[in-house]
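Peer 1: Chain by chain, the residues run as shown.
Protein chains: 4
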Amino acid sequence: MPSTFGNLFRISTWGESHGGGVGVVIDGCPPNIEISAEEIQIDLDRRRPGQSDIVTPRKESDTCEILSGVFEGKTLGTPIAILVRNKDQRPSSYTEMKDKYRPSHADYTYDAKYGHRAWHGGGRASARETIGRVAAAAVAKKVLAKIAPDMEILAWVDSIKDIKADVNPNTVTSEMIESNIVRTADADAVEPMIQLIKDVRAEGNSVGGVVECVVKNAPVGLGDPVFDKLDAILAQAMLSIPATKGFEVGSGFEGTQLTGAEHNDPFFMEEDRVRTASNRSGGIQGGISNGENILFRVAFKPTATIMSEQQTVSTSKEDTELKGRGRHDACVLPRAVPIVEAMTVLTLCDMALHQRAIILD
Amino acid sequence: MPSTFGNLFRISTWGESHGGGVGVVIDGCPPNIEISAEEIQIDLDRRRPGQSDIVTPRKESDTCEILSGVFEGKTLGTPIAILVRNKDQRPSSYTEMKDKYRPSHADYTYDAKYGHRAWHGGGRASARETIGRVAAAAVAKKVLAKIAPDMEILAWVDSIKDIKADVNPNTVTSEMIESNIVRTADADAVEPMIQLIKDVRAEGNSVGGVVECVVKNAPVGLGDPVFDKLDAILAQAMLSIPATKGFEVGSGFEGTQLTGAEHNDPFFMEEDRVRTASNRSGGIQGGISNGENILFRVAFKPTATIMSEQQTVSTSKEDTELKGRGRHDACVLPRAVPIVEAMTVLTLCDMALHQRAIILD
Amino acid sequence: MPSTFGNLFRISTWGESHGGGVGVVIDGCPPNIEISAEEIQIDLDRRRPGQSDIVTPRKESDTCEILSGVFEGKTLGTPIAILVRNKDQRPSSYTEMKDKYRPSHADYTYDAKYGHRAWHGGGRASARETIGRVAAAAVAKKVLAKIAPDMEILAWVDSIKDIKADVNPNTVTSEMIESNIVRTADADAVEPMIQLIKDVRAEGNSVGGVVECVVKNAPVGLGDPVFDKLDAILAQAMLSIPATKGFEVGSGFEGTQLTGAEHNDPFFMEEDRVRTASNRSGGIQGGISNGENILFRVAFKPTATIMSEQQTVSTSKEDTELKGRGRHDACVLPRAVPIVEAMTVLTLCDMALHQRAIILD
Amino acid sequence: MPSTFGNLFRISTWGESHGGGVGVVIDGCPPNIEISAEEIQIDLDRRRPGQSDIVTPRKESDTCEILSGVFEGKTLGTPIAILVRNKDQRPSSYTEMKDKYRPSHADYTYDAKYGHRAWHGGGRASARETIGRVAAAAVAKKVLAKIAPDMEILAWVDSIKDIKADVNPNTVTSEMIESNIVRTADADAVEPMIQLIKDVRAEGNSVGGVVECVVKNAPVGLGDPVFDKLDAILAQAMLSIPATKGFEVGSGFEGTQLTGAEHNDPFFMEEDRVRTASNRSGGIQGGISNGENILFRVAFKPTATIMSEQQTVSTSKEDTELKGRGRHDACVLPRAVPIVEAMTVLTLCDMALHQRAIILD
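First to last, the protein sequences are chains H, C, P and R.
17 is the number of the first residue of the first sequence in the working numbering; add one for each residue after it.
17 is the number of the first residue of the second sequence in the working numbering; add one for each residue after it.
17 is the number of the first residue of the third sequence in the working numbering; add one for each residue after it.
17 is the number of the first residue of the fourth sequence in the working numbering; add one for each residue after it.
Simulated from the structure, these hints should not be mistaken for laboratory data.
Treat the hints loosely; a few may be bogus.
All copies of an identical chain are treated as equivalent in the list; a pair is satisfied when it fits inside any one copy or across any two copies.
[Said to hold, decoys possible] Derived lysine-lysine pairs resembling DSSO-like cross-links, with alpha carbons at most 27 Å apart:
no.	residue 1	residue 2
1	Lys232	Lys333
2	Lys214	Lys75
3	Lys339	Lys214
4	Lys90	Lys114
5	Lys162	Lys232
Can you build the whole structure from these sequences, using the hints too?
Peer 2: What follows is the structure, encoded as structure tokens:
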């Protein structure tokens with residue numbers, strides 16, 4: 017369904033960028049999980065606009081309220097509804113959007129699909145929709161902490177345009193990533209990346225890049241053999257994030273340059289644990305986690321909103337021109353990092369619950 | 017669910033590589049669609065082993081039987097069950113697999129997940145599972161032909177290892193692709209690709225590559241805004257195919273090297289139709305088709321089964337070595353082409369039906 | 017899933033009787049449906065406490081807010097979130113419920129299932145949960161009005177305890193039902209029913225009864241042949257309403273007293289329309305609507321909350337006694353009528369959309 | 017979806033009464049469950065035609081074949097496909113059905129819905145569709161035996177037309193039920209019931225009745241609070257069985273004749289177990305099992321196929337007459353008993369797996 021993700025830990029996000037608010041309903045969360053609005057807020061603050069001087073200066077506090085499903089600090093097992101009110105609306109910034117389709121946005125396709133569009137903002141295509149995902153993931157994280165306490169999920173900016181970070185996924189830490197506003201984990205790449213973002217913003221232009229993600233200490237056996245392969249659902253999860261254009265796991269597209277003899281991951285025993293000597297599988301074999309680090313990469317296109325004049329068409333179907341306005345991210349990557357983590361958390365939480373259901377011994 | 021794909025046109029595949037057979041149940045197919053076992057057989061023959069001298073020489077006729085849901089040559093609207101019996105089983109080829117995990121296969125993860133494995137063959141991880149998908153897609157194709165008669169779905173081999181074909185997605189035809197056993201669409205690349213496959217096979221080695229796919233004349237408005245974005249579901253669909261490691265749509269990973277000003281697709285009017293001057297969006301904006309060619313690429317790793325000695329571990333958890341046996345594809349790409357097409361058909365058919373349901377005017 | 021109903025027009029209700037509020041998210045509503053908070057409010061007011069002197073005197077205005085999915089008075093095609101804040105909480109009325117299980121309520125089973133319970137109120141088992149259903153149905157009604165403008169859904173109180181109304185489903189009107197606070201459609205039964213409710217309330221006791229529902233001018237062909245038979249989903253929908261104990265369609269349990277020759281509904285032509293001479297099928301044959309009036313009945317048990325001393329056990333698992341407190345309905349039937357209608361609307365809307373998807377001609 | 021039941025233990029039945037066969041795919045069965053075709057056959061034989069001289073004399077051995085998902089006598093965790101070939105087809109018996117709608121059958125509604133019908137038999141509306149359910153339930157039973165080894169599910173014929181059996185659900189045993197061909201559990205009712213069936217059959221007429229079912233030693237906590245209440249899903253499951261017209265749980269429709277003070281089930285402690293002194297709740301409170309016997313009743317209408325001349329209409333929409341032919345059950349009740357049990361097993365298995373997933377402690 018359009019706005020529903022997950023089977024057992026199922027979330028339904030709702031809300032447009034402009035309107036009463038945005039939020040999520042979590043249906044299927046186990047009971048007795050300790051959670052508070054404050055904990056959720058910590059994660060929301062990581063994706064919030066205005067958090068540093070390289071992201072959009074929009075001021076939205078994005079304060080969440082838990083409306084149901086939590087009592088005396090613990091989940092009830094019933095649906096958890098979380099609401100974040102919309103604020104700081106400047107519809108005047110958007111009036112031109114009422115009549116013209118912004119290139120490489122979803123304005124035209126929404127109109128073509130539905131014949132009706134919340135034109136004063138990006139509607140559901142807005143990054144604001146991801147608030148519900150991050151809030152739900154804050155809860156899912158607590159569920160996973162009970163099931164797989166050693167599991168750690170870390171995403172970071174691997175590249176912005178042609179600036180590539182040099183990061184070892186086996187040693188990367190949350191501290192390394194959060195130590196800088198661009199959320200990369202290579203100290204040498206931080207300043208060049210920040211400078212690039214500031215430069216393109218000054219030009220009214222934008223840039224994209226790649227986010228990489230590692231899941232350490234994932235349980236063996238998550239994921240299902242056919243359509244719900246762990247990497248297939250991660251691919252869906254990542255491509256559901258606005259502005260994404262690609263997903264690769266383990267050796268990815270580069271892996272096609274190797275022969276099988278070079279590419280295969282030999283097994284060996286490390287004490288009583290089955291390990292692989294290399295990890296071109298990216299921690300997933302046959303769609304199921306094998307206990308090695310789960311590794312994948314997600315491509316984000318350059319932000320579609322730019323300040324230069326662009327050729328486009330009007331809603332009355334005439335050629336015209338449009339110049340971007342409003343306050344936007346010249347590069348979404350720093351704020352995309354917590355969203356990539358959130359979708360990974362949601363995917364793994366759903367699969368971990370499924371695994372509990374079917375393994376009887 | 018593990019073996020179910022689609023919401024309205026929902027398929028459930030079943031079957032192991034060895035056992036009574038493989039097949040599919042299609043639940044939700046519209047009535048009055050003309051279909052026959054012969055038509056389905058045509059598509060199955062395109063993915064069949066033994067069809068040329070660069071694919072596995074296994075001889076399996078893969079003859080399908082329609083067990084239900086079709087009467088007097090037309091669908092009834094009730095579930096369509098399709099069965100393909102397994103044949104040509106040589107369990108002796110597999111006895112070593114009972115005790116040792118093949119590197120970069122799903123043997124270990126199946127055992128770790130389920131504690132029980134159909135060891136004489138690849139189980140559900142076998143390419144044989146895809147028979148059900150191709151059979152279901154043969155039916156879905158007939159449904160789509162009624163809803164969107166001009167739509168055409170074409171996939172081809174874009175690269176094998178470092179041999180890259182030069183193909184224009186706007187002019188590629190089915191004839192170009194089917195004119196050669198490697199299923200590429202660049203006449204100059206055919207012989208080098210065939211030679212490469214024969215060479216690595218002679219060495220007991222394997223290669224991978226990239227399949228590209230274009231959907232021409234897709235209706236505008238397919239796909240949903242959030243989790244069921246058209247590209248998100250295509251990503252899941254593609255990563256659910258065995259041996260895939262990556263998916264990119266439109267500009268993909270390369271697109272991250274451009275600025276927004278370079279990357280955006282300007283709109284213009286072509287008579288009364290909204291078009292884009294470039295197509296870095298890959299025909300999808302905000303998760304919804306915009307009427308341009310839908311374009312995406314899928315990475316396939318080199319086949320995991322190779323004939324050289326490899327380090328591995330036994331099911332009793334001791335270090336050991338394993339040498340591949342049996343008859344396998346040294347390169348899955350030629351046979352992957354119809355499977356990529358099939359998953360694309362299934363995705364679009366489900367979304368086209370959904371669009372019919374919700375647009376009331 | 018626990019709190020989700022419907023496939024294409026899918027609703028997720030959330031909220032406990034006490035807490036931030038209750039509400040619903042509708043995922044899959046067609047775009048361009050005119051709807052307003054005021055229209056939804058009309059339906060909510062029909063199920064509201066305090067609307068007459070035979071229902072609970074709790075004062076809750078139950079004012080709804082549309083948070084998303086509606087723009088310029090029309091649905092967007094995106095999720096519609098509706099919120100009703102909780103008010104008038106008197107947790108002091110419930111303190112005893114913290115430590116003792118109310119007989120024939122869900123207190124014990126919630127504790128047994130989840131190990132954690134929102135004890136100051138009925139949690140999700142509260143009739144308050146049905147607010148989300150009624151709000152969603154107000155939207156679904158507008159969708160159905162576009163698809164099947166002549167369809168009319170009417171429920172009424174058929175009996176309260178041993179007082180049985182004499183109502184002809186073929187001639188019953190909305191005006192007849194809404195003309196009296198008990199919502200029956202037999203003028204002669206109104207006063208006896210009201211008196212009975214007042215009498216049992218005065219005794220601190222309670223009564224149940226039967227609600228009957230007719231769907232007039234339903235399209236032919238709704239419902240699916242096997243598990244999603246129209247009557248099967250109606251049965252689930254009705255039994256999901258708190259306090260229900262039974263469902264029967266057409267001839268129901270009484271029909272078992274007839275022979276086949278007496279029970280069968282002969283077909284005949286009425287101009288160019290296929291009709292049945294009798295309607296023991298209740299408008300549904302083989303799970304699919306046949307164009308006759310859809311007719312079913314739902315049994316509601318006497319309200320579990322009574323004011324007399326009852327034997328029960330404490331949460332610390334000791335025998336004890338409990339006397340009901342708080343403000344409750346001595347008879348839920350009058351307020352159940354709009355809820356039965358709401359669940360019928362939701363069922364038919366989902367099926368009508370499904371039928372649109374699969375019939376291509 | 018039309019032919020799919022369950023979320024975690026999900027079955028998809030397929031097949032028409034005439035055609036290649038009927039069957040089921042089980043998706044989501046836990047691994048390592050011991051099962052064989054022979055065990056499944058035992059349950060299939062209980063619903064088979066021709067098993068006694070009061071059921072249809074059609075001779076169908078209904079021999080099942082497990083096509084996938086079972087290896088070395090144990091489930092693999094992958095989809096289990098089960099096939100039963102159709103035999104003993106006498107299409108000549110059905111030629112009149114091609115042109116005339118049988119009263120109170122699904123012939124007309126199938127045509128009206130789909131515009132195409134498998135006229136030589138009842139299509140999906142045939143009792144033959146239930147073969148897949150019974151086969152799947154044979155597997156589910158083995159799953160439940162691991163999770164809740166003491167649970168016992170027993171159904172029996174409670175009444176046929178006006179002959180009512182006197183059965184105590186607390187003491188009824190499988191032996192009592194299987195000791196007689198009518199499958200009631202009241203020795204005094206057996207002969208009258210058999211005689212009634214033989215009498216109406218001799219007249220070319222038919223009768224219906226009520227099946228009652230008890231689940232003993234069900235785990236506490238099964239079922240979900242809102243739409244997936246245990247009794248709501250049981251209601252759907254039962255109304256999905258052909259020829260059913262009603263469902264009631266616990267006190268059911270009769271319970272509306274009591275006051276709350278008479279109806280409530282007082283709690284008391286029996287050693288360390290919470291019990292209820294009466295069981296008008298039918299073992300379910302707030303949609304969740306409370307550990308008492310789960311008790312419900314299902315109404316089956318008299319068989320629609322009768323041998324007398326009936327008024328009907330032709331497919332060309334003209335008034336006509338039809339006389340039943342073929343070999344049919346004059347009373348479906350004895351064969352309905354195992355189907356009621358099967359749907360109960362499938363419901364409880366799905367819910368028991370769900371409970372495993374969400375309770376983490």
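Peer 1: List, from low to high, the hint numbers that the structure doesn't satisfy.
Peer 2: none
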